[in-house]
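From first to last, the protein sequence lines are chains A and B. With this note's numbering as the guide, the letters of the first sequence map in order to residues 1 to 246. With this note's numbering as the guide, the letters of the second sequence map in order to residues 1 to 402.
Among these hints, one or two may not hold up.
[Stated by the list, open to error] Distance windows between CB atoms, simulated:
(1) Met1/B x Arg35/A: 35 to 41 angstroms
(2) Met1/B x Leu240/A: 39 to 45 angstroms
(3) Gly89/A x Ala8/B: 35 to 41 angstroms
(4) Ala8/B x Ala134/A: 18 to 24 angstroms
[Claimed, not checked] Okay, the calculated bits of chain B under chain A, using three or more residues with CB under 8 angstroms as the criterion:
(5) 9 to 18
(6) 296 to 302
(7) 306 to 319
(8) 391 to 399
Everything labelled a hint here was simulated from the structure, so no lab data went into it. All C-beta atoms in this analysis are idealised placements derived from N, C-alpha and C, irrespective of residue type, glycine included.
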Amino acid sequence: MTPQELADAVGVVDGAGRRGAPPLIRVAGVERDYRMGEETVHALRGVSFDVAAGEWLAVVGPSGCGKSTLLNLLGAVDRPSRGTVRIAGEDVGAMDDRAATSFRLRRVGFVFQRFYLMPMLTARENVELPMAEAGVGRAERQARARELLAYVGLAPRERHRPAQLSGGEQQRVAIARALANRPALLLADEPTGELDARTGAEIIDLLGRLHAEGTTILVVTHDETLAQAGGRRIHMRDGLVERDDK
Amino acid sequence: MRLALAAATLLRHRTRTLLAVLGVAVSAALLLDMVMLAGGMRESFRDLLLVRGYQLRLSPKGTLPFDSDATMERAAALLAAVRADPRIVAVSPILGGQLHVLGAAPDGGESGPAATAFAMGLDARVQGDYELVRGRHAVAGAELVASPAFLRATGARVGDTLDVAAGFDPQLRQYAGRRRAVVVGEGRFFYTPGEQPVAALPLATLQAMRGEEGRDRLSLVMARVADGADVEQVRAELQRRVPRVSAISTATALAQVEQRLSYFRQLAFILGAISLAIGFLLVTTLVTVSVNERVGEIAVLRAIGVSRAHVVQQIVLEGSALSLAGAALGLALGLVTARYLNAILGDFPGLPAAFAFFVFRPIDAWRALGLLVLSGVLAGVYPSWRAASLPIATTLREEAVG
Chain A
1 MTPQELADAV
11 GVVDGAGRRG
21 APPLIRVAGV
31 ERDYRMGEET
41 VHALRGVSFD
51 VAAGEWLAVV
61 GPSGCGKSTL
71 LNLLGAVDRP
81 SRGTVRIAGE
91 DVGAMDDRAA
101 TSFRLRRVGF
111 VFQRFYLMPM
121 LTARENVELP
131 MAEAGVGRAE
141 RQARARELLA
151 YVGLAPRERH
161 RPAQLSGGEQ
171 QRVAIARALA
181 NRPALLLADE
191 PTGELDARTG
201 AEIIDLLGRL
211 HAEGTTILVV
221 THDETLAQAG
231 GRRIHMRDGL
241 VERDDK
Chain B
1 MRLALAAATL
11 LRHRTRTLLA
21 VLGVAVSAAL
31 LLDMVMLAGG
41 MRESFRDLLL
51 VRGYQLRLSP
61 KGTLPFDSDA
71 TMERAAALLA
81 AVRADPRIVA
91 VSPILGGQLH
101 VLGAAPDGGE
111 SGPAATAFAM
121 GLDARVQGDY
131 ELVRGRHAVA
141 GAELVASPAF
151 LRATGARVGD
161 TLDVAAGFDP
171 QLRQYAGRRR
181 AVVVGEGRFF
191 YTPGEQPVAA
201 LPLATLQAMR
211 GEEGRDRLSL
221 VMARVADGAD
231 VEQVRAELQR
241 RVPRVSAIST
251 ATALAQVEQR
261 LSYFRQLAFI
271 LGAISLAIGF
281 LLVTTLVTVS
291 VNERVGEIAV
301 LRAIGVSRAH
311 VVQQIVLEGS
321 ALSLAGAALG
331 LALGLVTARY
341 LNAILGDFPG
351 LPAAFAFFVF
361 RPIDAWRALG
371 LLVLSGVLAG
381 VYPSWRAASL
391 PIATTLREEA
401 VG
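Next comes chain A alone, as it looks inside the complex (with noise of 0.2 angstroms):
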């Protein structure tokens, strides 16, 4: 199978043909606040920017400065207290839990600094997670799973369990995780973070591939050559975008 072949087996979103289209990712007027005690904490202070499809951003910015806020609104895990967030036209932040669920499962992949994968299944089950839980069958699963993990260079580890797997590894079969349901959009929260910088750097091409064959791709990164490796930054602090270099 030839690398067009498996990425178009594996169903990475074409973003060549979205160019000049309505952006992927609207962000108007976005805040978000939390009660800490007796206090508010203004974790978002009136965010706006767009994202088109296919386009690979990098959100960077000390800590604190609202990132990850940022990355849990786009990924309907967080609603915001005031202002939008439209995905594909959607208003992620009006959506009920059940509507909500069903975006995060089929519109959008999530890559964590952590990995987070079921110690207790296989690769192979990690990835299939997904796609049981939208109701595909358990052999076509089986074989998007294989077709996944082998895009990612795993294939012949796909009966390992994640304690059986380096770090980066465990990041790949995460990432092979997140394309499980061809989202349109892949978030990653520091999916560096816990690498070495050569593990680092095999992620980083991972996802420049995906981006080449046009998965629209946000990350939120502290990881300088990551944030490099996209087209578009955007600098965070204090909860607002501070500068958007396109």
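For chain A, the structure is supplied; the task is to place chain B on it using the hints.
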């Protein structure tokens, strides 16, 4: 996939899961035993009463069968009255009494009784008091069928001849109604305690041996009512026709027994409820601990799109699996302990040998299993609700910091 995930989660901490299963098993065993005890004595007594299919018993007025030494006089007339009812298909008359087995003194004289046994005079063709283990029934003359305790007490064997007497006059120091009786069989007696020596003789023989005390007298009459006939109606009519005796049906006897055993039932109910509560708390605690350890994983599952309902299902499944495994093991354990307890309690003085405290009925096992699985499902409700309600973003943030 959820089933595999639940199984994998439980197997992740094998020792803890095994201990929890064992804990549930102990609780299940106790629950099954209590369920068996609650209905067991009644069932056992019922089986005992109906062991030969006699549903009616006539005993001296105001007494239960063999409750006292009292006898019913004009036995022939009583039997005729009973047999006159066409709905009664079999009648078994019984006379009770004492039987002294006399030993021989070294000089050839009498040395007093080697053993004293309970004697039953009955008609071997219709008797409903024992089951022949060896030999044959005592059908006529001076023959007897002995219980194992009788044989042990006298040292006799089937085929031996014994010097027996039905009475002893302490003033004259003489035995009355003496016979040279042949032990023709060994029997397992249903209604007498296992440790009590018992002998069954032909009714006419024992009546004759007891002299005036036994002439035309009976201690008990058992009657079998034809299939389809209303036993209670037959009993009431019989009682009306022969008011000088007490007519008791199996149902009446069971009601009296139930009344006497109500304390046991209450005890069984309370202990059963406690064992169920312990099993429930054990599973709830284990699943709650497991959920607390996995909040990060659960938040990730929710973040990648697993629905609340499926998180709940998986955790309830874990609780149910623990309960089911524990219940299956516990049911086996319960049967073993019930057997052991039956053996211990069976030696309780005065209890019929065939009486059991714990009687296994499949319905009891299903009932205990059902209660345990239900408690397992309920045990998963709180932790699963807690897991499904986790704020995803906050939990992920805290896990990342942690």
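So, going through the hints one by one against the coordinates:
no., hint, in the structure
1, Met1/B x Arg35/A: 35 to 41 angstroms, "holds (37 angstroms)"
2, Met1/B x Leu240/A: 39 to 45 angstroms, "holds (43 angstroms)"
3, Gly89/A x Ala8/B: 35 to 41 angstroms, "holds (39 angstroms)"
4, Ala8/B x Ala134/A: 18 to 24 angstroms, "holds (20 angstroms)"
5, 9 to 18, "holds (count 3)"
6, 296 to 302, "holds (count 5)"
7, 306 to 319, "holds (count 4)"
8, 391 to 399, "holds (count 5)"
Checked against the numbered hints given earlier, the structure satisfies every one of them.
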